[in-house]
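Engineer: Single-letter residue listing:
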Amino acid sequence: MKKGILTLLVAGALVAGLATTVSADGESLRLVNGKIEVDAALKEAAAKYEEETGVHVEIESMGGGVNIQDELKKQYQGTGMPDIFVCGSDADFGNWDGLLADLSDCAWAADTDAGYVGTDGLVGFPYTTEAIGLAYNADLLEKAGIDPASITGPESMRAAFETLDSMKDELGLTAVIGWCTESQNLYWSTGSHSFANYLDAGLARDDTTYSDLLADGGQIDHDRFLAYAEMIALFNEYADKDSGFLTSGTYDQQILGFASGKYAFVTQGSWIGATMTTDDAEQYAEAGNFKVGMIPYAFEEGIDTILTNSPSWWAVFQNDNTDAAKAFLDWLASDEGQEILVMKGGFISPFKSCSFVAEDPFAETISSYTAAGKTSAWHWLKNKAGLDQNATGQLYQDFALGSIPDAESFTQAMTSVIADYYAS
Amino acid sequence: MNANTASRKLLSLICIIGGAALIIASLVLDVMGDGAPAYGFRGAMLVVGIVALLFGLYLFPTLKYHRRLIYIIFLFPLLFTFAVTVIIPLCLGIFYSFTDWTGIQYTQFVGFGNYISMFQDPQFIWSILITFVFVVINMILVNLIAFLLALLCTNGIKGDGFFRAAYFLPNLIGGIVLGYIWQFVFNNVLINLTKTSWLVQTPTAMTAIVVVYIWQYAGYIMLLYITGLTQVPKDVLEAAQIDGANARQTLFQVKIPMIASTFTICTFLTLTSAFKQFDVNLALTGGTGSVANFMGKYLTSGTQMLALNIYNTAVSKNNYALGQAKAVLFFIILACVSLIQVRISNAKEVEL
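Chains as they are written, first to last, in this note's numbering: chain A, 1 to 424; chain B, 1 to 352.
Hints listed in this document are in silico derivations from the structure and should not be mistaken for laboratory results.
Glycine is no exception: its CB is placed at the ideal position from the N, C-alpha and C atoms.
Check before you lean on any hint, since a few could be wrong.
Footprint (simulated), chain A over chain B, 3 or more residues, beta carbon under 8 Å [claimed, not checked]:
1) 84-93
2) 97-106
If you want a taste of the chain B side facing chain A, the calculated C-beta under 8 Å gives, among others [stated by the list, open to error]:
3) I191
4) Q249
5) Q253
6) I256
7) G286
8) Y298
9) S316
Derived DMTMM-like pairs (lysine to aspartate or glutamate); straight-line CA-CA distance at most 25 Å [unchecked claim]:
10) K195(B) to E237(A)
11) K374(A) to E230(A)
12) K168(A) to D206(A)
13) K74(A) to D30(B)
14) K195(B) to D165(A)
15) K143(A) to E286(A)
16) K276(B) to E71(A)
17) K74(A) to D279(B)
Extracted from the complex, chain A is given alone in its bound form (with noise of 0.2 Å):
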């Protein structure tokens, strides 16, 4: 009898340790964030919340190539769900359907239109706005005595490029335009926000005329992507193709190059400011802290809006917790929560009534773009989950690479390989 005395008193001791990790609770927040380069802003947000209201939120930032969703379905399985979460797409929202908590009745609601609305209603926090356009260093473009307010159209960015091209030695450049095609890792640079160009360049923020073309079994406007592929072609003839950069580089080195004033023009939108002004910041103050601007991706005469969107939003678990996540939202949304975001996490805020302004290098030109009403947004959203790593990603690179001859080929291959990526 003792060892079954024993061997109860080890399963109370078990049951015990077991019962006081499920209960670990209390008022204690957890928020899993998308962006690792605004870790420590965030917590430093956390942190002032925590001091005013004794509420803990704990910050868990993803990033580099983890798969977010796939790991909240792990934890949705296993250990437990956060509070609030990093929800990127259509499909991201889709796979929650159901489970999340509608935010329309928070305070910040109407203070801003780049909520993310769903099927359950308002669903998406947004916390900052992004903008794609093609990138450009203003001084080295004044030195070759450009004006990038005359670039409207694909004669005028051809002739720019011709220029610049010509002054390579004399500017210090390697190369006229930062683009790389690699699939490997940088197939979101192309087949998404590159293609998002296709998409919605030059529309009205809510037409998604091209979008739900695509959305309808993988359809192409043949017409418009024959222009954007005369466009990526221009690219690929002016990109830095003799080291190999073209089809073979990192997204570090293409920041780098732009950040050091090697390139002219750089195909990444206005996150890379962060990058220049922090760990790109010794070689950028080098080429002088050049100012930057960008001017939309013209494929066709008249095009003149650049992209802007928050780039993924964050929705809230319905759970026990729900009204603490929605009380600290409102809280990121005023002006103390905006006042940290902005100014240490280099945020450009999506409410209207914020006054801050980040010290990033696009945040003006994101602000006239966004006064003179000439952005579009971005649908690249709604694809069709993994289009870009899958399927677009690699035929920029084939075309890079001379694989695919000509605009028109690759507007072929464009089209067909789509349709069977929708019809699968």
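Chain B: place on chain A using the hints.
Structural biologist: For chain B alone, coordinates are given in the frame of chain A:
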């Protein structure tokens, strides 16, 4: 042990019935509760139930079955772990492959729909093909190179300890890290010789995966061959020498037949591990590369092998049910190949 008192019997029955009730209740909560956090205690409940049940069985007043019950109790932790980590996931996986599971929930059964659509996908057929080619090439090359290295390292050359360690070292680095290191080598160093990186075109990218895989795996297989070669009895070698056998004859007619079992093990190891190749594939090429015309389609994942295809189907294309169906097929292929391999090798060993 033969004190079959009434109180003991009562305690035993209470434990068994209570334990069983707890187990059933916790399982019911798990199935019905939809993972709601309010039922977070169900795990603890299950453990208490199981412990109570086992305790009851231990106390159960029987002489005839006592020994058998004790065996079960002792085996239980292992069986439980095996069930939880292997059997249950396998059954769930097969079950999910017949539904439209999203990784979170499923709404309907689709029968063999996933299995049919999987074979209509040229990309998947391509993945199966290149995986088989990769396996055959690697099985030959890894074993050949590893055996040659082993011969080199048992030849009594100076510093053979150093060589053994050096050849084995790549195996200690994880496949993901290795993949990124070699990606850097191909994209930034070798590019000076090759002009365009090997990793951007499908044929050269596959070659790159083979090279890296051999580099990683040959050292490990070499160690096994070294162990085999050093265990060849000295007297046999001496007898061969006295009979006037030259080095080649000694190798082919004495050493190799003597280590036939090592060949079996090594072929088996390289076969299954090449089949399951995932990490180097993921980190080195990520499955990229294009095939201009395969079954009339333009493929955009030319270097995507079977395991990576399964992973991408589930994670990147967000189609967990189809991924599960592919995984079931993967399991069947792997099980068949392994069984055949073992059978053939065993038959051969008997002959020798």
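Engineer: Could you run down the list of hints and mark each one as holding or not?
Structural biologist: Hint by hint, here is what the structure shows:
1. Chain A is given as covering the stretch 84-93 of chain B, and this is violated because 0 residues of the stretch bring a CB closer than 8 Å to a CB of that chain, at least three being needed.
2. Coverage of the stretch 97-106 of chain B by chain A holds [criterion: at least 3 residues with CB-CB distance below 8 Å; count 3].
3. Annotation: interface hint on I191(B) holds; nearest CB of chain A at approximately 5 Å, less than 8 Å.
4. A cut of 8 Å between beta carbons decides the hint on Q249(B): the least distance to chain A is about 50 Å, and the hint is violated.
5. Here the hint on Q253(B) is broken, as its CB sits about 49 Å from the closest CB of chain A, past 8 Å.
6. Given the 8 Å rule on beta carbons, the hint for I256(B) is violated: about 42 Å separates it from the nearest Cβ of chain A.
7. For G286(B), the suggested interface contact is upheld, since its CB lies about 4 Å from the closest CB of chain A, less than 8 Å.
8. A least Cβ separation of about 5 Å between Y298(B) and chain A falls short of the 8 Å threshold, and the interface hint therefore holds.
9. Interface restraint check: S316(B) against chain A, minimum CB-CB distance 4 Å, threshold 8 Å, status holds.
10. Between K195(B) and E237(A) the CA atoms are separated by roughly 17 Å; this keeps the pair inside 25 Å, and the hint holds.
11. With a C-alpha separation of about 23 Å, the suggested pair K374(A) and E230(A) falls inside the 25 Å cut-off, and the hint holds.
12. Distance check on the hinted pair: K168(A) and D206(A) sit about 40 Å apart at the alpha-carbon level, beyond 25 Å; violated.
13. Under the criterion of a C-alpha separation no larger than 25 Å, the hint pairing K74(A) with D30(B) is consistent with the structure, at around 17 Å.
14. For the given pair, K195(B) sits about 22 Å from D165(A) by alpha-carbon distance, which is consistent with the 25 Å threshold.
15. Taken as a hint, the K143(A) and E286(A) pair is honoured in the structure, with Cα atoms around 17 Å apart against an allowance of 25 Å.
16. Between K276(B) and E71(A) the CA atoms are separated by roughly 22 Å; this keeps the pair inside 25 Å, and the hint holds.
17. Under the criterion of a C-alpha separation no larger than 25 Å, the hint pairing K74(A) with D279(B) is consistent with the structure, at around 20 Å.
The structure is inconsistent with the numbered hints 1, 4, 5, 6, 12, although it conforms to all the rest.
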